[in-house]
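Take these sequences, add in the hints, and give me the full structure.
If you read the protein sequences in the order shown, they are chains A and B. End of the first sequence = 208 in the working numbering, gap-free, step of one. End of the second sequence = 1208 in the working numbering, gap-free, step of one.
No wet-lab data here; the hints were simulated from the structure. One thing to keep in mind: the hints can contain errors.
[Stated by the list, open to error] Straight line, CA to CA, 16 Å or less: simulated EDC-like cross-link-like pairs of lysine to aspartate or glutamate: (1) K203(A) <-> E1191(B); (2) K203(A) <-> E1183(B); (3) K1203(B) <-> D91(A); (4) K1196(B) <-> E191(A); (5) K196(A) <-> E1191(B); (6) K1203(B) <-> E183(A).
[To be verified] Derived DEER-like restraints, expressed as beta-carbon distance ranges: (7) E66(A) <-> A1197(B): 49 to 59 Å; (8) A1208(B) <-> V182(A): 17 to 27 Å; (9) R178(A) <-> M1078(B): 22 to 32 Å; (10) D152(A) <-> G1064(B): 47 to 57 Å.
[Unchecked claim] Reference excerpt, derived from the structure (chain B facing chain A, CB under 8 Å, subset only): (11) G1056; (12) K1128; (13) I1155; (14) S1159.
Where is the CB? At the ideal position from N, CA and C, for every residue including glycine.
2 protein chains.
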Amino acid sequence: MSPSPAPIKVGVVLFAGFNVLDVFGPLEMLSWVPGGAEIRMLAEEPGNIASGEGPGCLADAALGGEHGLDILLVPGGMGTRREVQNQPFIDELARQCAQARLVAGVCTGSALLARAGVLDGRRATTNKRAFGWVASQGPKVDWVAEARWVEDGNIFTSSGVSAGMDMALGIVAHLFDRAMSVEIAARAEYEWHEDKAWDPFAKLNGLA
Amino acid sequence: MSPSPAPIKVGVVLFAGFNVLDVFGPLEMLSWVPGGAEIRMLAEEPGNIASGEGPGCLADAALGGEHGLDILLVPGGMGTRREVQNQPFIDELARQCAQARLVAGVCTGSALLARAGVLDGRRATTNKRAFGWVASQGPKVDWVAEARWVEDGNIFTSSGVSAGMDMALGIVAHLFDRAMSVEIAARAEYEWHEDKAWDPFAKLNGLA
Chain A
1 MSPSPAPIKV GVVLFAGFNV LDVFGPLEML SWVPGGAEIR MLAEEPGNIA
51 SGEGPGCLAD AALGGEHGLD ILLVPGGMGT RREVQNQPFI DELARQCAQA
101 RLVAGVCTGS ALLARAGVLD GRRATTNKRA FGWVASQGPK VDWVAEARWV
151 EDGNIFTSSG VSAGMDMALG IVAHLFDRAM SVEIAARAEY EWHEDKAWDP
201 FAKLNGLA
Chain B
1001 MSPSPAPIKV GVVLFAGFNV LDVFGPLEML SWVPGGAEIR MLAEEPGNIA
1051 SGEGPGCLAD AALGGEHGLD ILLVPGGMGT RREVQNQPFI DELARQCAQA
1101 RLVAGVCTGS ALLARAGVLD GRRATTNKRA FGWVASQGPK VDWVAEARWV
1151 EDGNIFTSSG VSAGMDMALG IVAHLFDRAM SVEIAARAEY EWHEDKAWDP
1201 FAKLNGLA
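Here it is, written out as C-alpha cells:
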C-alpha cells in the first residue's frame, strides 16, 4: 500500500465582518482532497472573530508568522470596507501572499488583495454587486467583469459569495485533477459550475 | 415609512464534528431576509466547538433554555455518529424542536432529528451517501430517497451538505415569498435549485 498523502495546508484570513460562506464554502470542498486539509484560521490577533452574519469563529494563530501554506484563502464580507484602510494588515497580507504556493480571493476579498498590490498587472474578478468599489481599490488590475472565477498564475479570484465553491473545485482540479473535483462535488451533493466563464450575475448587474 | 421588520431568530445546534457547510450555507441565505437574522449558536456547553473540517466556532449559549426561535437549524457531520448515542442531548433536542416555529435538518442532521422522534410519521430526507445509516435511526419515519429537500408541516429536511442552501431558500419562500428567495440567491450569486424534486445524487448513489 502507498503511504497516506500529506494534507494540504490551507490558511484562512479572518477579520471582523468576514462573510461565512466565502470562508466555509471553499473549506468544505478543499477538506475532501486525499490526505485532507490542515486548516489554519489566521487573524491579526488570535481569538474569536465575529463574522458579518453574527457567528464567531476561532482564529487559532496570528496572521504574522511563517505558515508554509499551500493555499491562502482571503474571504470578503462587509469588514473589507474597513480593512482596506488597515495598512499594517494589508502589508502583512502582501507578505503572506508572497509566501503561499497559491492565493485564493473570494468575493470582496479581491479588494484586500488589490490593496495589497497582489493583483497588479493580473487578471482578477470579484462580487458583481460591489464591482465598482472593488475595482477602485486596484487601478493597475485587469478586472474581468464576466467570469465565475479567474486564474492568473498562482492567483485565483472568484465572483460573489457562492462562487468561491466553484473556484475551490477549480483549485482542486489545478492542484490534483478534474476527476477529483467531480468526486468531491458529488460527495458534497454540489452541482459544480465547472465553466469559469459561466456568470449570469454579471449580466444581472449590468456588467455584461 | 414603515418600521424596520424584526429579525428572524435562528438557533443553530452545534456539536463536535458538525459540518461547516451544513451550518453556514443555510445561515448565509437566512441572514439576508428583511430585518436580517439574529443567530444564536447553541451547544450542550457554550464555548468553542470544533467542526469536522477543523475550524472552531463559538457556541454563545447552552442548548437547554428558552430561545424563542423561528428556526432551529440542525446540521449533520461526522459528529452525528456519536451524538445519536448521547441521550441527554437527544432529549434536549426533542424539547427544542417542540418549541421552535420551524425545524430545519441538513444532511445527517436528520439522524439526530430521527433519534429525537421529531420525524416519526413524517416525510423526510437526508444525505444520499449515508442514507441507509440515517434511515436506520428512525424506523417510523417516511424516508424519501429522491428529493433535494422535503417539507412536512413545520419540519424541513435536506439532502447532503450543499442541499441545505436550497432548502434555506425554500424556507425563505415559505416564511416570506418566492421573490425574496430569488433576490437572496442573486445577492449570494447562487443558482438556486428551486425544484424540491431535483436530485441527481439519489441516482448516483443507487437510490432512484
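Results of checking the hints against the structure:
For the proposed pair K203(A) and E1191(B), the alpha carbon gap of about 14 Å is at most 16 Å, so the pair holds. Proposed proximity of K203(A) and E1183(B) is supported: the alpha carbons are some 15 Å apart, at most 16 Å. Distance restraint check for K1203(B) and D91(A): the Cα-Cα separation of roughly 50 Å exceeds the 16 Å cut-off, and the hinted pair is therefore not satisfied. Between K1196(B) and E191(A) the CA atoms are separated by roughly 15 Å; this keeps the pair inside 16 Å, and the hint holds.
Of the pairs offered as hints, the one joining K196(A) and E1191(B) holds, with about 15 Å between alpha carbons and a cut-off of 16 Å not exceeded. Distance restraint check for K1203(B) and E183(A): the Cα-Cα separation of roughly 15 Å lies within the 16 Å cut-off, and the hinted pair is therefore satisfied. Checking the proposed 49 to 59 Å range against E66(A) and A1197(B) shows it holds: the Cβ atoms sit about 51 Å from each other. A hinted range of 17 to 27 Å holds for the C-beta pair A1208(B) and V182(A), which are about 19 Å apart.
Distance hint check for R178(A) and M1078(B): the Cβ-Cβ separation is about 27 Å, which falls inside the suggested range of 22 to 32 Å. Under the hint 47 to 57 Å, the C-beta atoms of D152(A) and G1064(B), about 51 Å apart, fit the expected range. A cut of 8 Å between beta carbons decides the hint on G1056(B): the least distance to chain A is about 4 Å, and the hint holds. Hint status for K1128(B): holds, given a least beta-carbon distance of 6 Å to chain A, under 8 Å.
At about 20 Å, the closest approach between the beta carbon of I1155(B) and any beta carbon in chain A exceeds 8 Å, and the interface hint on this residue is violated. For S1159(B), the interface hint holds, since its Cβ comes within 8 Å of a Cβ in chain A; the closest pair sits about 5 Å apart.
Figure legend: structure checked against the earlier numbered hints; hints not met, in rising order: 3 and 13.
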